[in-house]
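Undergrad: One-letter residues, chain by chain:
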Amino acid sequence: MLDYEIIVPSHKRPFNMPLLRSLLPTATICVDEREAAAYRGLVPASKLLLHPPLQGRPAVANWMSNATKRPILIQLDDDFVGVRSLIGSKRFITDPDEILQILENAAQLTQDLGLTAFTFCRVANHVMVDVKNRPFIAVSPVCAAFGLMGKARYRRFDTELDGRADTDFTMRTLLEDRAVFVDRRFYFDFGPTMFGNCTPDQYRKTTRELRARYGKWLKMSASKSATKTATARMSIAVPRRNNGALH
Amino acid sequence: MTDTAAPINIRDRVKELKRVRAGDLKPHPKHFHTHSPDQRSMMRGVLEEIGYVDALVGRILADGSIECLDGHMRREETPDLVVPVLIVELDDDEADKVLATFDPIGNLASVDAKKQTELLASIDATHAETRRLLADIEQTTLKQAIREEGNTEDSELDPVPDMALRQHEHYDFIVVMARTTQEWNALCDRLGLVAPKRIGRGKMGVARGIPAAKLLELLADVDAKRLEKTPEAAPIADGNGGGI
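As given, the protein sequences belong to chains U and A, one line each in that order.
Residue 247, in our numbering, is where the first sequence stops; the numbers in between run on with no holes.
Residue 244, in our numbering, is where the second sequence stops; the numbers in between run on with no holes.
Since the hints were made in silico from the structure, they are not lab data.
Hints may be right or wrong, so weigh each one.
Unchecked claim - Below are the DSS-like pairs computed for lysine-lysine, each with C-alpha atoms no more than 25 angstroms apart in a straight line: (1) U/K12 with U/K47; (2) A/K197 with U/K69; (3) A/K214 with A/K225; (4) A/K214 with U/K219; (5) U/K216 with A/K115; (6) A/K114 with U/K219; (7) A/K114 with U/K205; (8) A/K197 with U/K47; (9) A/K115 with U/K205; (10) A/K203 with U/K90; (11) A/K114 with U/K216; (12) A/K214 with U/K151.
Could you put together the complete structure from these sequences and hints?
TA: This is the structure in structure tokens:
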């Protein structure tokens, strides 16, 4: 049977806790020890994990990996608002039992299939009628809502790649473990969000670094608006064939 | 007898440098460039940060007005500013040729990406639009370099060749859906899978997976067992009621 822990890192967002805890009542909330007072009262002590002062999300993610002992670690961002089912009637799922079952199913399938990481659909309005839009694929960024096990469980995020550590982690997973289990039937909704925020300087630095590491397997596709708002945009171009179509 | 090229006579068509109110310049009627809000914003940023470092180009028409040949966007963006204008002496046909070739010739230049990157990295721009322009330039050069180098076998662009698909590597699946609890339990039993516990009222179905290699092994076992149980072939009749 599955032996896992759900952990949600949070920073300066105690106001998200009532909703988050209604959706994921079994999750552990991990916060900077200096913010503990803001979270107590909203999160039971048994579900509150305090980390020392750390710089950047990758450092927090690595600390959590070390601090938790279960062989499967499931992580979600703290602005989680619900799951959009992208099949059938396209429901918006906020029942905690259903959400937990979705997570457990993904973890179970990943474990059964000998893979090491799972994640979900990255697009809220993904249309699953095109022949190329399969419910399960093998390549997607491991971020926002994901699970790690096996070799990926103790793989570390690169703390030098602020804003792009997720991309680097995904690439290393694809290189070493070949595929990610992606369940595109469900979209974990985190509300309006901008992923990969970083300053223009960091953007330039991490772009160069990731290009040097992965070359043609990453597409640099920043638009003018991206540079204006300093939102890093990069897409993974690793082929993992699935019914003849490249993903 | 060797063929030597005739010396080229390059004329200097620039007559003077005038300083003129930008809005007083007439746009050339055949000017074909369009300028997006983004480009205009970046131009304003650079002008605000650095100022004018290049002259517009114009020619004096018969009525004494100055027709703009190069610098239309700057003319539009700073109409009230007194700007430097190089006055050239060109007829209509020559003016058309300049209009057609001036910018495109500049655009034909290729970029030494390394030198450009070094230059961009050394610049500390204060204006937000200038920073945006510089980031755009770098990104364009990066993309162009990737595009060009993609046609070569430069290993620098494929530092992880093992990322490529291996021979016969493929990811496909067959979905087996159990419509009844009995089917589900039977499948789990036959495939050697422990049925996961359902969470809550079980509104969301449960899932198990099995790698193809393991399933093929199970099927091979089934085939082997079936062959073991196959009865021996019945004796062939000899036509006299007895067997051979």
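Undergrad: If a hint holds in the structure, say so; if it does not, say that too.
TA: So, going through the hints one by one against the coordinates:
1. The suggested pairing of U/K12 with U/K47 holds, with an alpha-carbon distance near 17 angstroms, which does not exceed 25 angstroms.
2. Between the alpha carbons of A/K197 and U/K69 the distance comes to roughly 22 angstroms, so the proposed pair stays at or under 25 angstroms and holds.
3. In summary, the hint linking A/K214 to A/K225 is supported, as the alpha carbons are separated by about 17 angstroms, within the 25 angstroms threshold.
4. A C-alpha spacing of about 36 angstroms is found between A/K214 and U/K219, which places the hinted pair above 25 angstroms, so the restraint is violated.
5. Between the alpha carbons of U/K216 and A/K115 the distance comes to roughly 22 angstroms, so the proposed pair stays at or under 25 angstroms and holds.
6. For the proposed pair A/K114 and U/K219, the alpha carbon gap of about 20 angstroms is at most 25 angstroms, so the pair holds.
7. For the hint linking A/K114 to U/K205, the alpha-carbon distance of about 15 angstroms falls within 25 angstroms, and the restraint holds.
8. Straight-line distance between C-alpha atoms of A/K197 and U/K47 comes to about 23 angstroms, which keeps the hinted pair within the 25 angstroms bound.
9. Among the hinted pairs, A/K115 with U/K205 is consistent with the structure: their alpha-carbon atoms are about 16 angstroms apart, no more than 25 angstroms.
10. A threshold of 25 angstroms between alpha carbons decides the hint, and for A/K203 with U/K90 the separation of about 15 angstroms falls inside it, so the pair holds.
11. Distance restraint check for A/K114 and U/K216: the Cα-Cα separation of roughly 18 angstroms lies within the 25 angstroms cut-off, and the hinted pair is therefore satisfied.
12. Straight-line distance between C-alpha atoms of A/K214 and U/K151 comes to about 21 angstroms, which keeps the hinted pair within the 25 angstroms bound.
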